[in-house]
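Enquirer: Here is what each chain is made of, one letter per residue.
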Amino acid sequence: MQFLLSPWPWWLAGPLIGLTVGLLLVLGGRNLGVSSSFRHLCTLALPKSRLPYLAHNDVRKQAWSVLFVFGISLGAFLAVHFLSNAPVEFLPAHYHSTSGALKLLAGGFLVGFGTRWARGCTSGHAIMGLANFQLASLYAVLSFFAGGLVAAGIALLLNGGLS
Amino acid sequence: MSRSHVADTRLNQFMRAMRYVLIGAFFGLVLTKAEVVTWHKIRAMFYFQEPDLYLIIGSAVAVAALLVALVKRFKPHTPFGEEVTVPDKPMHKGVFYGGFLFGLGWFITGTCPGPIYAQLGGGEFFAVFTLIGALAGAYAFAWAKPKLTD
Chain U
64 MQFLLSPWPW WLAGPLIGLT VGLLLVLGGR NLGVSSSFRH LCTLALPKSR
114 LPYLAHNDVR KQAWSVLFVF GISLGAFLAV HFLSNAPVEF LPAHYHSTSG
164 ALKLLAGGFL VGFGTRWARG CTSGHAIMGL ANFQLASLYA VLSFFAGGLV
214 AAGIALLLNG GLS
Chain C
15 MSRSHVADTR LNQFMRAMRY VLIGAFFGLV LTKAEVVTWH KIRAMFYFQE
65 PDLYLIIGSA VAVAALLVAL VKRFKPHTPF GEEVTVPDKP MHKGVFYGGF
115 LFGLGWFITG TCPGPIYAQL GGGEFFAVFT LIGALAGAYA FAWAKPKLTD
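Quick note, the sequences are listed as chains U and C, same order. Numbering of the first sequence is given in the working numbering, commencing with residue 64 and proceeding in unit increments. Numbering of the second sequence is given in the working numbering, commencing with residue 15 and proceeding in unit increments.
Isolated chain U, as found in the complex (with noise of 0.2 angstroms):
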């Protein structure tokens, strides 16, 4: 149980995340994918909006990705509150300021706006997409990692450091 409760290993969380893929198609019908809620949302949130991309989009339709990252949110809350024997820090203490809402927001928002153009993300493109062995999908996922590197390169001339 200790084993449990700990931080699991790669070994066990990897083929998991894998499992997860199969779970989704086998009782779901459904592709693996998160990013897509964003549209999703914001079509809730904008029912009027007269905008192409979120008025021909078929929110009854898609309603599995809103029910799946509530559920993301609800797993979260059970290995947070039940399964684990010390609190996980998910933001860095530097991150709760003024300015670490800043770089959330700003970071957030080339979230949203880099994976809908991208059509995916880590789990639309990095873990379905090459699963299933798709050019696009390989060339997304290398796209993100040149984003990031470009990103950390960035932050170590900046700040000298890795913070």
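Each hint can be trusted.
Interface residues of chain U toward chain C, partial, derived using beta-carbon atoms under 7 angstroms:
| id | residue |
| --- | --- |
| 1 | L154 |
| 2 | L168 |
| 3 | G175 |
| 4 | F176 |
| 5 | G177 |
| 6 | A199 |
| 7 | G210 |
It should be emphasised that the hints constitute simulated quantities derived from the structure, not laboratory data. Glycine residues also receive a C-beta, built at the ideal position from the N, C-alpha and C atoms.
Chain U is already provided as a structure; the job is to place chain C on it using the hints.
Expert: Below, chain C without anything else, positioned relative to chain U:
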């Protein structure tokens, strides 16, 4: 594509919806226990300080590839009679431009889309800012889409 022998009762409709909450909960629990939902792990990946994230994504893709191949081979139906299909993802320029922008945001926030929801459920209040940013970004994309190279 529902089969006629599946009665469309209220319980049935409830379970149709609940399965996505349950599978999502499984996913969120695993992501949290793997700590891939933490800023620290994402930084450690981009600075090549830990191999964990690469091993997690690699082993997840390996297992998922096997399951996807089995699904394509045996073409099962869901318990509710729906067909299971794995459509191709068409190539388009957005995977490069959008992918790069997402990568920048991934590093800055230390969070990709799944973990945003996990952080919220796990009690990380500041993830609200990441989600608001992401929804604003998706809205900006909806606005800019006709002008962008697809």
